[in-house]
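Taking the hints into account, I'd like the entire structure generated from these sequences.
Number of protein chains: 2
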Amino acid sequence: MANKETILLLYQRPLEPSFVPRGDKKAAFDVPENYLADRYKPIGVQLFNRFNADADEKIPVKKITLPELGEILELGRHDNFSLFIPKHRRLAGRLINIFMGMRNVDELQSMAIYARDRVNPYMFNYCLSVALLHRKDTQDIDVPSFIESFPDKYVDSKVFTRAREEATVVPDGSRMPIEIPIDFTASNLEDEHRLAYFREDLGINLHHWHWHLVYPFDADIRIVQKDRRGELFYYMHQQIIARYNAERLCNQLARVKRFIDWRKPIQEAYFPKLDSLVASRAYPSRVSNQKLQDLRREQDQIRADVDQLERWRDRIFEAIHSGQIQTENGEIKTLGEFDGIDTLGNMIESSIISPNRTFYGDLHNMGHVFLSYIHDPDHRHLESFGVIGDSTTAMRDPIFYRWHAYIDDMCQEFKATIPRYSVNDLNYDGVTVQSIQCQSKDGKANELNTFWQQSDVDLSRGMDFQPRGSVFVRFTHLQHQSFSYSINVNNSGGQRQGTCRIFIAPAQDERGNPWSFRDQRGMFIELDKFVVNLRPGQNTITRRSTESSVTIPFGRTFRNLDLNRPTGGEALEQFNFCGCGWPQHMLIPKGTAEGFKCHLFVMISDYANDRVNQDNSGLCNDSSSYCGIKDKLYPDRRSMGYPFDRLPRDGVQVLEHFLTPNMRVQTVSIRFTNRTILRKGQN
Amino acid sequence: MANKETILLLYQRPLEPSFVPRGDKKAAFDVPENYLADRYKPIGVQLFNRFNADADEKIPVKKITLPELGEILELGRHDNFSLFIPKHRRLAGRLINIFMGMRNVDELQSMAIYARDRVNPYMFNYCLSVALLHRKDTQDIDVPSFIESFPDKYVDSKVFTRAREEATVVPDGSRMPIEIPIDFTASNLEDEHRLAYFREDLGINLHHWHWHLVYPFDADIRIVQKDRRGELFYYMHQQIIARYNAERLCNQLARVKRFIDWRKPIQEAYFPKLDSLVASRAYPSRVSNQKLQDLRREQDQIRADVDQLERWRDRIFEAIHSGQIQTENGEIKTLGEFDGIDTLGNMIESSIISPNRTFYGDLHNMGHVFLSYIHDPDHRHLESFGVIGDSTTAMRDPIFYRWHAYIDDMCQEFKATIPRYSVNDLNYDGVTVQSIQCQSKDGKANELNTFWQQSDVDLSRGMDFQPRGSVFVRFTHLQHQSFSYSINVNNSGGQRQGTCRIFIAPAQDERGNPWSFRDQRGMFIELDKFVVNLRPGQNTITRRSTESSVTIPFGRTFRNLDLNRPTGGEALEQFNFCGCGWPQHMLIPKGTAEGFKCHLFVMISDYANDRVNQDNSGLCNDSSSYCGIKDKLYPDRRSMGYPFDRLPRDGVQVLEHFLTPNMRVQTVSIRFTNRTILRKGQN
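Chains as they are written, first to last, in my numbering: chain A, 1 to 683; chain B, 1 to 683.
Please keep in mind that the hints were generated in silico from the structure rather than gathered at the bench. Note that beta-carbon positions come from the ideal geometry of N, C-alpha and C, so glycine has one too. Keep in mind that a hint or two might mislead.
Said to hold, decoys possible - Here are the simulated distance ranges between beta carbons:
#, chain 1, residue 1, chain 2, residue 2, range
1, B, Q46, A, D442, 36 to 44 Å
2, B, Q324, A, D191, 46 to 54 Å
3, B, R222, A, A593, 53 to 61 Å
4, B, K26, A, K58, 29 to 37 Å
5, A, Q139, B, L73, 53 to 61 Å
6, A, E337, B, F184, 53 to 61 Å
7, B, F184, A, P171, 33 to 41 Å
8, B, F184, A, D227, 45 to 53 Å
9, A, D227, B, Q46, 55 to 63 Å
10, A, E318, B, E594, 54 to 62 Å
11, A, N289, B, F184, 26 to 34 Å
As the list claims (entries may be wrong) - In silico DMTMM-like pairs for lysine to aspartate or glutamate, Cα to Cα no more than 25 Å straight-line:
#, chain 1, residue 1, chain 2, residue 2
12, A, K257, A, D307
13, B, K41, B, D54
14, B, K264, A, D378
15, B, K26, B, D464
16, A, K291, B, D294
17, A, K26, B, D54
18, B, K226, B, D615
19, A, K158, B, E165
20, B, K158, A, E16
21, B, K26, A, D172
22, A, K41, B, E179
23, B, K41, A, E165
24, A, K291, B, D378
25, A, K680, A, E547
Spelled out as structure tokens, the structure:
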């Protein structure tokens, strides 16, 4: 019978039919003949004879009554797939529901095999992954990292020819990793290229893909309607912009300019140099000085005008400034101090739980779509979307940040309308943060250290139709020396609990001037958030950077799909990850050679006001800040981004004015050393 | 020892190292260890053990003293290669000279093996092909069609993923051809797409590539300095424009607009959808409304301003209108009535025999280069050139025709300055063409019939790193029913010879009006040219369309590299082709469903004035009109394009006025039927 491991074999070599043996054990699914795709039906016997001989193990497949796939097949097998395109979302929603409806894992596996060799491989991967993440009986299955199935969405297309050469010519033991130059998409003539290490980081892009797996736009409402989904949409993207802006300052670039004038040419170009192995087409480039144009893409069922985007924008601003929205059935609903941002996030994003899609439209998604079709708005050239049109690749393009800076600005416009935090809302009576220090191994106090690291990823499970055996790609990414915080807190009250909130922001603006609080508040990057027990009197809190509530460990971003991994008990649990979470190696900004001055901010808030009544233990609870906790409420009752999510109280001009005794700021320095270190365990 | 067949194995699977067995006989070169590329030296023994076991036959390789490849290696193995880029031309020239300098075929083969696994594969193919075409001892070697080594330059990139699936999954006998949709690059929303069948025709693009093989820009002067090279550059391209314009009229489009204002945005976009398997990058697209920009491409050693193009243009026009040029050493040389166009063609093209490159520059080539870098003029985005920058792909892009219409216009400007043909220059006293008829099998008299045909090409020799065995791609191209001419000529003189010149041109302009002669003269397409013996009295000349002096047979365009082909004698001779020549299937324009009216023009000129004193028999003499004859003088002493190459004598307003008794015009109709026929011998 199907076990929960064999279903993961379907993630390997997405274009190779299911009857082809796969995995180290050369296991082949015993595919019923009526499951074969049309191309293979006439030669079924021939194929079975051929591939059965090659298989060391047969995996039984339960015969089930097969449903009609219907319109799901309208997206071609060799097309590209995008969650931003309403039609693709709808088709994916249908397939997710089919997978969710299977009565047990045996039937799910059987259905998946049938679907796999027919539907679009990207859509298949997405739908099966959403199902595995959300079905009760597959909670102990670890969905493989997307890069293992589709490395072509993450690495320089040049790699694949060389990888084929390695795999074909060089025997397994003698293969060498293929190095991707860090500067493969552009040169330093292009100012924006200074941020390529961030935009093109594998971990960041995997995080973004995984976030959208956890928060799909379209599926059964029980999957879509997650706690504070809209607010998390706002906050996670706000934090991306804050992080991007900090990186920009480290690279002598001003904060990103919002993409506000949708009629003007866009100066920044982007040439992704990615080649879809499935769609068998390169991702289109976005050249300089193109303008949004009205879309007429009949194949995607998209007819949309820039006018329409503008109407949606105007209505959303009307909602923000009037403090109320129109619902689908004509009622008026107030945007509340705490839940208003959630409603607004859902409205802007949007998804099937958007409050009134007919009226407020689909602004954020369609912005991506307009930008992604800028080169071929009426499909006359039969071009697919650019990277900005695909959540797996969108963060590579500089325009992603300009668009999301605009989206964030809308949200901030709302935040400006709600009550400001009083001292009382911020303070924790009797709790004083007295000092903060951060320290990395062998480093100076309050100095963080960054450098380049090289890590290897195995491409071979994602490369169809080539000899077996690993072929590694070596990429270069930012890394930092891990460090720990040491925080001294005086508690003049009794034994109690607090939430320790750690943020960091650049100490100066792009001019080299001190920040006004209004500006700096948007720059604060959340580094960690955790509950602390406070004894009466002196407390020293120590915390390691690797424990961050924002990140997932390096090994989770780049884990290999290991079919020989441990099963059961604790050993299994350590493999049970969601994959959503900021990559640990990108926790702190790059800094500069001379040391980039930052404000490290620590606040201890009253846990009694923060606490959510639930058991926070369980799966995927270690990167809750940007991802929430799987199947649970968001584990912090405060508005996301607290205490920086609102305009400050009167009289607060600079950060210093903002501080209450339970907060403290320490100036730290991030020093970048231009050296490259190979990750341990690689040769 | 190397035989002349084994050297052709080097054309197969260009990225697979030479020690990998190839060909149906699984023959492997016995590569000396010191020939191995650096990557393979450390594992040489392992590799030899592995691949020797797989080889059925070993081909000995003579050890020679290896020359330094030096700067030839500056073009990377995974880069793209262009004859238009001066640096690439120079590197190619050096490699050609190395190949030409080898003392015998054994040494050539040895040198080629050494170079093959080191230098850029496109450059290798080009240089070896030029050498094989020009070496005395390799005249009986048939250079394989470029598409067999590099199918990626000719077919939709989508094909390759599917081809890998066919080759890997389906056993050899059961494989099915992969069909390329005729509309893969654009839809009919784009007016220019109506011409895609012409621009993207495999045969036309192969002809263009082969023409540049025969007429390289840079190599030993004895190779470059061919008889009337500059004039042929002018004439071959003039004919391409005439043919393109006829196709445009058939498709309700006006004649192509010259690209004359180099500062204005170019409206027509082109998205080639080709993916270089070697460079492992897609060919960049050219989106709408981009403008030429000054180039700063240090890697290619190109610094060029649009200003500079304009200066070259102005100086060339100055030469044309003053009738004289400045040579490199300061002398003044007159542009003569007959040789002026040759000088001018060399000047505009240009090549190492250009009369004064410092002064007149490199207009035509650099126009290609400017257009090909329009998306990334300063290389900030590390992009390679677009299709227009590569002679193998340039004819796919609509801008090719706008650029060459401009180049042609310059040449016509010169032609307007030279003496017009008098009646005496045109007439052949006593020879009267009395009637013309053309007839296709089962067709109406004077009606030509066109339709779609599907033909298959084997990709497998050009796809590296996949299982052996043929994988066919099926493409759809224009075809016509073959036909024959029947021409009645009265000769009132004695036994003598004439040159029969057959042209065709649309009967009406794009408005549906009759042509003025000045306009129609540029529309005449050469269909054939041959020597006829005229008896006294009545003569009936019959000639088959397949005998055309313009074309090469269908099978030569699409021949397979067959290593089991006949050797020696006549059987060999029929395989000894050059490959240069217009493809037979594109001999006549597409026509229209209702029948496209054309003027079929026949002229018998006096052979005594046409004749060149040489034996015209030999290799490649059947497509001399656009290609010349290999190693011989151009076989017609008249100005190329005669009698339409000059402005008409006074009083000639329309074609009818132009005719002397030895000329005649017959109205014919080209009827297109929208049906698709599979080529015989395919299933």
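Does the Cβ pair K26 of chain B, K58 of chain A satisfy 29 to 37 Å? 33 Å, holds
Run the distance test for K41 of chain B versus D54 of chain B: straight-line Cα separation, threshold 25 Å. 20 Å, holds
Indicate whether the distance between the beta carbons of D227 of chain A and Q46 of chain B respects the range 55 to 63 Å. 58 Å, holds
Look at the Cβ atoms of Q324 of chain B and D191 of chain A and judge whether their distance stays inside 46 to 54 Å. At roughly 50 Å between Cβ atoms, D191 of chain A and Q324 of chain B fall inside 46 to 54 Å, so the hint holds.
Does the hinted range 53 to 61 Å hold for E337 of chain A and F184 of chain B at CB? 56 Å, holds
For a C-alpha distance cap of 25 Å, please report whether K41 of chain A and E179 of chain B respect it. 19 Å, holds
Do the Cβ positions of F184 of chain B and D227 of chain A conform to the proposed distance bound of 45 to 53 Å? 47 Å, holds
Hint check: K291 of chain A vs D294 of chain B, CA-CA at most 25 Å. Holds or violated? 23 Å, holds
Range hint 33 to 41 Å (beta carbons of F184 of chain B and P171 of chain A) holds or violated: 39 Å, holds
Pair hint outcome, K26 of chain B versus D464 of chain B [Cα-Cα no greater than 25 Å]: 15 Å, holds
Straight-line Cα separation of K257 of chain A and D307 of chain A no greater than 25 Å? 22 Å, holds
Are the Cα positions of K680 of chain A and E547 of chain A separated by 25 Å at most? Satisfied, since the Cα-Cα distance of roughly 20 Å is no more than 25 Å.
Against the hints set out earlier in the document, no violation occurs for any number.
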